[in-house]
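Undergrad: These are the residues of each chain, in order.
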Amino acid sequence: MIYDFNYLKPGSLKEALSMLSEHKDECKVICGGQSLLIVMRQGMVAPEYLLDIKHVKELSYISLDAKDGLKIGAATTHRTIEKSDVIAKNYPVLVAMENKLASIQTRNWGTIGGNLAHADPAGDPAPVLISLKASIKVGSANGERTFPLDEFFVDYFATQKNDDELVLEIQVPVPEPKTGAAYQKFNLLDSDMGIVAAAASVTLNNDGTCKDARVVLGNAGPVPLRVKKAEELLTGKKYDEALFAEAGRIASEECEPVDDIHSSEAHRRHIIGVLTKRMLKKAWDLAKA
Amino acid sequence: MEKQALKLSVNGQDFEVFINPKTLLVEVIRDHLGLTGTKRGCETVSCGACTVTVNGMAVKSCSVLAAQVEGMNIVTAEGLETDGNLSPIQKAFLDYGSYQCGFCTSGMLMSATAFLDENKNPTKQEIKESIEGNICRCTGYNSIVRAIDAVAQGKY
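Sequence order for the protein chains is A and B. If you're matching positions, the first sequence starts at 1 in my numbering and goes up one per residue. If you're matching positions, the second sequence starts at 1001 in my numbering and goes up one per residue.
Just chain A, same shape as in the assembly (with noise of 0.2 angstroms):
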């Protein structure tokens, strides 16, 4: 049962972040609520004000630009993510991973914003961006803040964001020349959340040695989980698949999942060996061609 709330639908950005100074922690903000509808259904979020930023046009657009690169606005939907013909050219992977996040009936109201600020680890968006160094942008009536990606989750269902502040935007930046990256989750259904996943991008020198890579987790831990040994590993190394291999070892070490009724501790790192060996080659494969 949901606990009753008083609702708030603000017409505008200035309006919403109006709302949320005044009410700060009493408040929820709502946007497609594909997570926060069933947390509040169990009674494990009860908020004394919802606010409802569904319809604020100002946070829902995707705009590239050479320079700065992407940048999509809080609540753009992930289907319209998914549809995005620059974001398809540009920067597949994202679209890849939206194809494969809940179902088409979750994406057409879920938004990307409300996905990363509610932090579950196992959430497929941001083990993604933080691949493709993604920032966050948040905003209070005081002024805004940007993040690194992977710097913005603390813990569980936790970030750096205050009370009285609104996700604005992700921005990704334009990928370096010779960059591939890939993603992939592990579940038995499609439409599932990842028992674990795993994200990789490499760049290469023009000598074909690694440049930078990285290796980012899914529901591999507290938070999506950046596995810096594993990219040091890499770094001005040549394509080995020996190498690739243990990167996955490295990372089913570093990672702390938990051990619940999908799957055991165990299984979990092996599979998390197993995607990021997977996950490098494939990045490796990409920024090559």
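Hints should not be assumed to be uniformly reliable.
What the hints assert, rightly or not - Straight-line distance between alpha carbons at most 30 angstroms, and here's what the computed DSS-like set of lysine-lysine pairs gives:
1) K211/A with K237/A
2) K24/A with K1003/B
3) K1124/B with K100/A
4) K14/A with K67/A
5) K1128/B with K100/A
6) K1155/B with K83/A
7) K133/A with K237/A
Derived by calculation from the structure, the hints in this document are not laboratory data.
Position chain B against the provided structure of chain A, taking the given hints into account.
TA: Frame of chain A, contents of chain B only:
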């Protein structure tokens, strides 16, 4: 909690309801408007039995607040027919026996309708993906896919 007046357009008809703002879209459709074609299933955005279209998009009405769809065009399974004539996808479901217990049917019809409006020449694989958010626990998926395919091929 003070009730709020809400204007909704469902199946082309305008309604005004007085609801607690926590009321879900599926509750308004079933309990306030009496349109019981839309089913309440899992209520956790999983099963798709409550699927309706909002401005042509399939959504799960168990996880949308009614207040969020004010002024938008909502269509339920009851809204698919025109003057007593079933829509193509409804006819195809009958011809292909695309239901067993029938509980998932209205949600399947709404997902299929939204899909066919967007995709004129879908592949079999795309048709299968179009009902990824709808669970049929009788597992009668093949006949559902055949019915959608028949409509896509212009047989109706």
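Undergrad: Indicate, hint by hint, whether the structure satisfies it.
TA: Okay, the hints, checked on the actual structure:
{"no.": "1", "hint": "K211/A with K237/A", "verdict": "holds, 8 angstroms"}
{"no.": "2", "hint": "K24/A with K1003/B", "verdict": "holds, 24 angstroms"}
{"no.": "3", "hint": "K1124/B with K100/A", "verdict": "holds, 18 angstroms"}
{"no.": "4", "hint": "K14/A with K67/A", "verdict": "holds, 28 angstroms"}
{"no.": "5", "hint": "K1128/B with K100/A", "verdict": "holds, 14 angstroms"}
{"no.": "6", "hint": "K1155/B with K83/A", "verdict": "holds, 28 angstroms"}
{"no.": "7", "hint": "K133/A with K237/A", "verdict": "holds, 21 angstroms"}
Checked against the numbered hints given earlier, the structure satisfies every one of them.
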